[in-house]
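*Asks:* Just so you know, the protein sequences line up as chains A and B, in that order. Here the first sequence is numbered in our numbering, starting from 1 and rising by one per residue. Here the second sequence is numbered in our numbering, starting from 1 and rising by one per residue.
Just so you know, not all the hints are guaranteed correct.
Just so you know, same-sequence chains aren't split out, so a pair can sit in one copy or run between any two.
[As the list claims (entries may be wrong)] In silico SDA-like pairs for lysine to any residue, Cα to Cα no more than 25 Å straight-line:
(1) K176 / G357
(2) K327 / G37
(3) K145 / E36
(4) K176 / D225
(5) K388 / D293
(6) K176 / Y285
(7) K145 / V3
(8) K327 / A81
(9) K327 / L349
(10) K176 / P287
(11) K164 / Y285
(12) K388 / V206
(13) K176 / L284
(14) K327 / E358
(15) K145 / D271
(16) K164 / D214
(17) K368 / I144
(18) K176 / A351
(19) K164 / N223
Keep in mind that the hints were calculated from the coordinates and are not lab data.
Number of protein chains: 2
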Amino acid sequence: MTVDIAAANREALSRLCAARPAWTGVRPAREAVGLEGRALLHAGPPIEWERMCGPMQGAVIGAILFEGWAGEPADAERLAASGRVTFAPCHSRGAVGPMAGIISPSMPLLVVEDPVHGTTACSIIADGPWGWQLRFGAHAPETIKGLVWLRDVAAPAFGVILEKEGPLELATIMAKALTMGDEMHMRNLGATCLLIRALAGPIARVVADPGQRDAIMAFVARNNDQLFLTWAMSAAKAAARAIEGIRGSTVVSTMARNGVEFGIRVAGLGDRWFTGPASIVEGLYFPGFGPGDANPDIGDSAIMEVYGLGGMAMAASPAVLSIVGGKSFAEATNTTRRMAEICVGANPLFAIAALDGEGAPTGIDIRKVVRTSVAPTINTAVAHRDPKAGRMIGAGMATPPLEPFSDALVALAEEYAG
Amino acid sequence: MTVDIAAANREALSRLCAARPAWTGVRPAREAVGLEGRALLHAGPPIEWERMCGPMQGAVIGAILFEGWAGEPADAERLAASGRVTFAPCHSRGAVGPMAGIISPSMPLLVVEDPVHGTTACSIIADGPWGWQLRFGAHAPETIKGLVWLRDVAAPAFGVILEKEGPLELATIMAKALTMGDEMHMRNLGATCLLIRALAGPIARVVADPGQRDAIMAFVARNNDQLFLTWAMSAAKAAARAIEGIRGSTVVSTMARNGVEFGIRVAGLGDRWFTGPASIVEGLYFPGFGPGDANPDIGDSAIMEVYGLGGMAMAASPAVLSIVGGKSFAEATNTTRRMAEICVGANPLFAIAALDGEGAPTGIDIRKVVRTSVAPTINTAVAHRDPKAGRMIGAGMATPPLEPFSDALVALAEEYAG
Numbered sequence: 001m002t003v004d005i006a007a008a009n010r011e012a013l014s015r016l017c018a019a020r021p022a023w024t025g026v027r028p029a030r031e032a033v034g035l036e037g038r039a040l041l042h043a044g045p046p047i048e049w050e051r052m053c054g055p056m057q058g059a060v061i062g063a064i065l066f067e068g069w070a071g072e073p074a075d076a077e078r079l080a081a082s083g084r085v086t087f088a089p090c091h092s093r094g095a096v097g098p099m100a101g102i103i104s105p106s107m108p109l110l111v112v113e114d115p116v117h118g119t120t121a122c123s124i125i126a127d128g129p130w131g132w133q134l135r136f137g138a139h140a141p142e143t144i145k146g147l148v149w150l151r152d153v154a155a156p157a158f159g160v161i162l163e164k165e166g167p168l169e170l171a172t173i174m175a176k177a178l179t180m181g182d183e184m185h186m187r188n189l190g191a192t193c194l195l196i197r198a199l200a201g202p203i204a205r206v207v208a209d210p211g212q213r214d215a216i217m218a219f220v221a222r223n224n225d226q227l228f229l230t231w232a233m234s235a236a237k238a239a240a241r242a243i244e245g246i247r248g249s250t251v252v253s254t255m256a257r258n259g260v261e262f263g264i265r266v267a268g269l270g271d272r273w274f275t276g277p278a279s280i281v282e283g284l285y286f287p288g289f290g291p292g293d294a295n296p297d298i299g300d301s302a303i304m305e306v307y308g309l310g311g312m313a314m315a316a317s318p319a320v321l322s323i324v325g326g327k328s329f330a331e332a333t334n335t336t337r338r339m340a341e342i343c344v345g346a347n348p349l350f351a352i353a354a355l356d357g358e359g360a361p362t363g364i365d366i367r368k369v370v371r372t373s374v375a376p377t378i379n380t381a382v383a384h385r386d387p388k389a390g391r392m393i394g395a396g397m398a399t400p401p402l403e404p405f406s407d408a409l410v411a412l413a414e415e416y417a418g
Numbered sequence: 001m002t003v004d005i006a007a008a009n010r011e012a013l014s015r016l017c018a019a020r021p022a023w024t025g026v027r028p029a030r031e032a033v034g035l036e037g038r039a040l041l042h043a044g045p046p047i048e049w050e051r052m053c054g055p056m057q058g059a060v061i062g063a064i065l066f067e068g069w070a071g072e073p074a075d076a077e078r079l080a081a082s083g084r085v086t087f088a089p090c091h092s093r094g095a096v097g098p099m100a101g102i103i104s105p106s107m108p109l110l111v112v113e114d115p116v117h118g119t120t121a122c123s124i125i126a127d128g129p130w131g132w133q134l135r136f137g138a139h140a141p142e143t144i145k146g147l148v149w150l151r152d153v154a155a156p157a158f159g160v161i162l163e164k165e166g167p168l169e170l171a172t173i174m175a176k177a178l179t180m181g182d183e184m185h186m187r188n189l190g191a192t193c194l195l196i197r198a199l200a201g202p203i204a205r206v207v208a209d210p211g212q213r214d215a216i217m218a219f220v221a222r223n224n225d226q227l228f229l230t231w232a233m234s235a236a237k238a239a240a241r242a243i244e245g246i247r248g249s250t251v252v253s254t255m256a257r258n259g260v261e262f263g264i265r266v267a268g269l270g271d272r273w274f275t276g277p278a279s280i281v282e283g284l285y286f287p288g289f290g291p292g293d294a295n296p297d298i299g300d301s302a303i304m305e306v307y308g309l310g311g312m313a314m315a316a317s318p319a320v321l322s323i324v325g326g327k328s329f330a331e332a333t334n335t336t337r338r339m340a341e342i343c344v345g346a347n348p349l350f351a352i353a354a355l356d357g358e359g360a361p362t363g364i365d366i367r368k369v370v371r372t373s374v375a376p377t378i379n380t381a382v383a384h385r386d387p388k389a390g391r392m393i394g395a396g397m398a399t400p401p402l403e404p405f406s407d408a409l410v411a412l413a414e415e416y417a418g
């Protein structure tokens with residue numbers, strides 16, 4: 001049974017480009033992705049408790065405390081190890097989680113829908129301004145308190161705002177943000193500001209309690225240039241879901257890391273994961289930290305590169321270089337050029353002004369990756385490997401292993417030869 | 001009496017780079033710049049009513065109606081022509097006005113102070129969301145209504161916010177905005193968003209009346225990507241005032257256009273204007289408009305180029321090219337390189353990421369302009385020449401005449417030879 005791979009990939013590119021994901025709601029994971037009982041979702045390909053890296057174990061402990069399944073970290077750890085908590089990838093439920101990517105049933109999720117293809121995707125609202133963050137493995141009382149506040153105060157307010165104001169189109173925000181120097185993975189300042197611009201009026205109108213209004217406004221408007229990331233990730237996932245299952249397509253539909261393994265899924269191969277060891281991120285460390293403290297590459301945020309952003313769109317973001325440790329703007333444009341070699345095409349929506357309006361390279365073709373031995377460049381944050389640290393220690397560029405791409409290609413050949 | 005021009009220019013550059021202008025208040029022009037009686041300020045070098053261009057005459061009529069000095073446009077026009085209204089450049093009072101630049105005694109002005117040099121500068125809050133705008137010559141009832149709302153509602157609220165929150169540092173906002181693709185003259189989207197981020201919380205906290213809160217939030221957060229421009233202009237003017245009067249300096253301290261003439265002032269020559277004919281702006285016109293509708297170059301906004309931004313910093317703003325009609329990003333970087341040839345140095349605060357962190361060329365040296373015949377590139381909006389149109393019809397790049405620069409150089413030679 002022959003397949004027309006080129007046609008399938010053109011279809012995949014066309015769907016990625018046509019997607020117009022919009023933020024439509026905020027709902028508990030229980031409702032949004034049907035997460036019931038003592039079940040947790042995590043970043044990356046499947047992994048069991050024992051093999052999880054430090055930040056992921058730390059975040060699991062935090063989520064168990066947040067859900068009230070245990071009262072103390074030691075009890076939470078015992079419960080996690082007991083087999084009485086089930087684990088599955090976020091991607092198995094159409095969700096994405098940054099860094100450890102832990103999602104528990106009561107966590108409020110952003111719901112993003114692409115009306116063009118009828119897909120839905122979800123992600124967390126990253127806890128920002130309360131010291132260390134769950135996604136980096138933090139699980140101290142202040143972290144749990146922040147999650148409770150998000151669940152009880154911020155999320156319901158966002159929900160009411162969306163009900164009153166209607167969906168917020170994210171694709172156009174992201175396109176505009178690219179002209180503001182975002183590449184949408186490690187730099188989301190422009191998009192975050194555009195989100196604030198969209199939400200400020202509604203927050204002031206909708207939230208009646210002055211203290212809550214003040215706190216929600218501070219949450220969106222203060223100190224978190226990366227706030228938009230999980231909105232971007234949800235949007236990218238909604239777009240990527242539209243290519244899942246395109247028969248014969250060699251375009252990557254998922255790239256994700258659990259901190260131990262890097263994994264991909266391919267449009268023409270459904271839900272099968274192809275994995276290899278997670279790489280160490282090359283980049284810039286915060287003062288006092290170094291590669292010895294770094295957890296290997298972790299998080300579902302590589303969905304940004306699947307959607308043609310992040311490392312793919314480096315040339316849109318001269319300023320991200322000082323965050324991820326790039327040496328020159330020429331390096332950034334070279335990266336985008338190199339990424340174009342492994343992609344099916346470009347997304348005109350994501351026009352890069354510094355490349356005279358060329359679209360961001362989009363649709364990673366595993367055939368091209370294997371043929372050129374060029375792996376996708378993934379811009380990413382770096383987590384401390386020790387969950388007791390529970391924090392970000394730097395950022396950089398990850399180069400994932402090539403084996404998952406070649407393994408997937410072999411599998412595709414076998415499947416369609418069969 | 002010899003002067004060390006090089007040392008004087010190093011001092012000028014050093015002051016421009018050291019300036020840290022901050023927004024400290026909002027006060028009526030009467031208080032802020034001592035504008036009393038029937039006096040109006042206008043953009044550019046001195047000009048009398050009879051010679052004013054259409055948009056400036058239209059804005060004068062609007063300001064007279066706003067002040068209540070006349071009740072109907074025809075009466076306002078007669079009053080303006082009668083000699084009973086006095087006119088002076090904004091720059092004569094340490095102020096700057098965009099486009100027609102008309103400032104009347106009751107208009108609320110942004111007050112910006114540079115604590116480093118003790119200078120103060122002012123500009124209007126540009127009327128945004130009510131149809132046509134005074135600065136383009138509009139003077140219909142909706143324009144006047146907008147000015148009244150700014151005076152009675154928005155300006156007092158801003159004043160209270162600044163009292164409660166303290167000054168807002170503009171230099172760092174501008175530096176960050178450059179990394180967001182602003183050049184701060186024709187593209188202020190990043191800075192506008194950062195201003196919204198700074199003001200959203202305080203507006204929600206300070207403005208008690210829900211209707212007013214909503215309207216003020218909408219004013220800052222909706223549909224006006226150029227909102228920040230007059231904050232930027234005030235900041236640039238505060239910085240530029242620090243070099244006025246540096247003996248022997250050939251650095252330009254003022255560039256401004258009244259729609260008929262382009263004029264400069266030079267640090268070492270005090271308040272003397274050197275003028276030539278205002279040029280026609282080359283750029284992009286909105287659909288339905290063309291060069292035949294365009295008023296010649298107008299406005300005090302060229303203070304941005306005096307401060308090393310706008311056309312000087314084109315390489316920071318790949319996206320401004322589609323606004324001003326640039327053809328390629330290479331053209332933008334070439335423009336910044338060419339501007340470096342006529343400047344004393346660069347401002348490290350305004351690092352251009354796409355040029356690997358090089359500062360924006362700063363401190364236009366009239367000697368270099370004359371020697372190279374390279375005029376500063378000024379990014380600018382284009383006004384319709386007919387005050388009845390009262391609107392913006394496009395944007396582009398203006399190349400001012402060289403005569404004012406050579407005339408100033410002659411004057412400087414004469415002064416210091418004397």
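*Asks:* Hint by hint, note whether the structure agrees.
*Replies:* Evaluated hints:
1. In this assembly of identical chains, K176 and G357 lie within 25 Å of each other by CA distance both inside one copy and across copies; the values are 12 Å within and 23 Å between.
2. Taking CA atoms no more than 25 Å apart as the test, K327 paired with G37 passes in neither setting, with 48 Å inside one copy and 59 Å between copies.
3. For a Cα distance limit of 25 Å, the shortest separation of K145 from E36 inside one copy, 22 Å, qualifies, whereas the shortest one across copies, 57 Å, does not.
4. Taking the shortest Cα distances, K176 and D225 sit within 25 Å of each other both inside one copy (16 Å) and across copies (12 Å).
5. Taking CA atoms no more than 25 Å apart as the test, K388 paired with D293 passes inside one copy only; the shortest distance there is 12 Å, against 67 Å between copies.
6. In this assembly of identical chains, K176 and Y285 lie within 25 Å of each other by CA distance solely across copies; the values are 21 Å between and 29 Å within a copy.
7. Within a single copy, K145 and V3 get their C-alpha atoms no closer than 53 Å, and across copies no closer than 66 Å, so neither meets the 25 Å cut-off.
8. Taking identical chains as interchangeable, the C-alpha atoms of K327 and A81 are never at most 25 Å apart, the minima being 44 Å within one chain and 61 Å between chains.
9. Only between protomers do K327 and L349 lie at most 25 Å apart by alpha-carbon distance; the minimum there is 19 Å, versus 28 Å within a single protomer.
10. Taking CA atoms no more than 25 Å apart as the test, K176 paired with P287 passes between copies only; the shortest distance there is 22 Å, against 33 Å inside one copy.
11. In this homomeric assembly, K164 and Y285 never come within 25 Å of each other (Cα to Cα): the closest approach is 43 Å inside a single copy and 37 Å across copies.
12. With identical chains, the CA atoms of K388 and V206 are never at most 25 Å apart, being 38 Å at best within one copy and 40 Å at best between copies.
13. In this assembly of identical chains, the alpha carbons of K176 and L284 lie at most 25 Å apart only when taken from different copies (20 Å versus 27 Å within one copy).
14. Within a single copy, K327 and E358 get their C-alpha atoms as close as 23 Å, and across copies as close as 13 Å, so both meet the 25 Å cut-off.
15. Taking the shortest Cα distances, K145 and D271 never come within 25 Å of each other, neither inside one copy (36 Å) nor across copies (61 Å).
16. Taking the closest pair of Cα atoms, K164 and D214 come within 25 Å of each other both inside a single copy (20 Å) and across two copies (15 Å).
17. For a Cα distance limit of 25 Å, the shortest separation of K368 from I144 qualifies neither inside one copy, at 44 Å, nor across copies, at 62 Å.
18. In this assembly of identical chains, K176 and A351 lie within 25 Å of each other by CA distance both inside one copy and across copies; the values are 9 Å within and 22 Å between.
19. Taking identical chains as interchangeable, the C-alpha atoms of K164 and N223 lie at most 25 Å apart only when they sit on different chains, with a minimum of 20 Å there against 27 Å within one chain.
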